[in-house]
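Take a look at the letters that make up each chain.
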Amino acid sequence: NAGVTQTPKFRILKIGQSMTLQCAQDMNHNYMYWYRQDPGMGLKLIYYSVGAGITDKGEVPNGYNVSRSTTEDFPLRLELAAPSQTSVYFCASSYSRQGKAEAFFGQGTRLTVV
Amino acid sequence: DAKTTQPNSMESNEEEPVHLPCNHSTISGTDYIHWYRQLPSQGPEYVIHGLTSNVNNRMASLAIAEDRKSSTLILHRATLRDAAVYYCILGGGSYQLTFGKGTKLSVIP
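Chains as they are written, first to last, in my numbering: chain B, 1 to 114; chain F, 1 to 109.
These are computed hints drawn from the structure, not numbers from a lab. Think of the CB as a built atom: it goes at the ideal place given N, C-alpha and C, for glycine as much as any other residue. Just so you know, not all the hints are guaranteed correct.
Among the chain B residues that face chain F by a calculated CB cut under 8 angstroms, a handful are [unchecked claim]:
1) 43
2) 45
3) 48
4) 61
5) 63
6) 64
7) 65
8) 105
9) 111
Put together the whole structure using the sequences plus the hints.
Structure below.
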């Protein structure tokens, strides 16, 4: 099983550029999440989704957008990249709310904005 | 979500048991206690979770105090691969898990 797959693994963006971080899971999980992790810190929730067509903001949503057209995919869009968005981004999925169920994480996308 | 308190770092010798403590004095009755770990340059990995009773799985054991205000993650025999940051997290009705800084475990060969 692939689990949660994130692409790309690394990316360098210039200030003002846009990009989409891809996330796909093959476990038929309804719940999916995007986190960011700054150096030496814990993870912070950006957006989450409880099923296809349903998304909501997490703790740090500013500067990001998401969509969920299928159960499998949950892309994260950066519209106007800023240096403050330099971070490692993790996608996760679970069959129930993360507070009650095991979550599966991808390997991360390391993004640098210069 | 209620907060947890963990030591910043711990050391263990290889092949010895490791007890990682976590305090959560403001835990609510519906909060599950989760443990995740993060190896260098990897995403977090689920270890174990429980509500009231002690739990065992192939990776570790979770010992929960009777008053639920503290818990201990037990790695029965540390290996070099267990060197990671271990996060103790409370999760209940919230959609998210709140990750703190965790405990950095070093395993000495």
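Evaluation of the provided hints:
1. 43: Holds: closest Cβ of chain F sits about 4 angstroms from residue 43 (chain B), inside 8 angstroms.
2. 45: The hint holds - residue 45 (chain B) has a Cβ within 8 angstroms of chain F, the shortest such distance being about 4 angstroms.
3. 48: 5 angstroms, holds
4. 61: 12 angstroms, violated
5. 63: Check failed: Cβ of residue 63 (chain B) comes no nearer than 18 angstroms to chain F, outside 8 angstroms.
6. 64: This hint is violated: residue 64 (chain B) lies away from chain F, its Cβ roughly 15 angstroms from the closest one there, beyond 8 angstroms.
7. 65: Check failed: Cβ of residue 65 (chain B) comes no nearer than 18 angstroms to chain F, outside 8 angstroms.
8. 105: 4 angstroms, holds
9. 111: 14 angstroms, violated
Hint compliance for this structure: hints 4, 5, 6, 7 and 9 are broken, all remaining hints hold.
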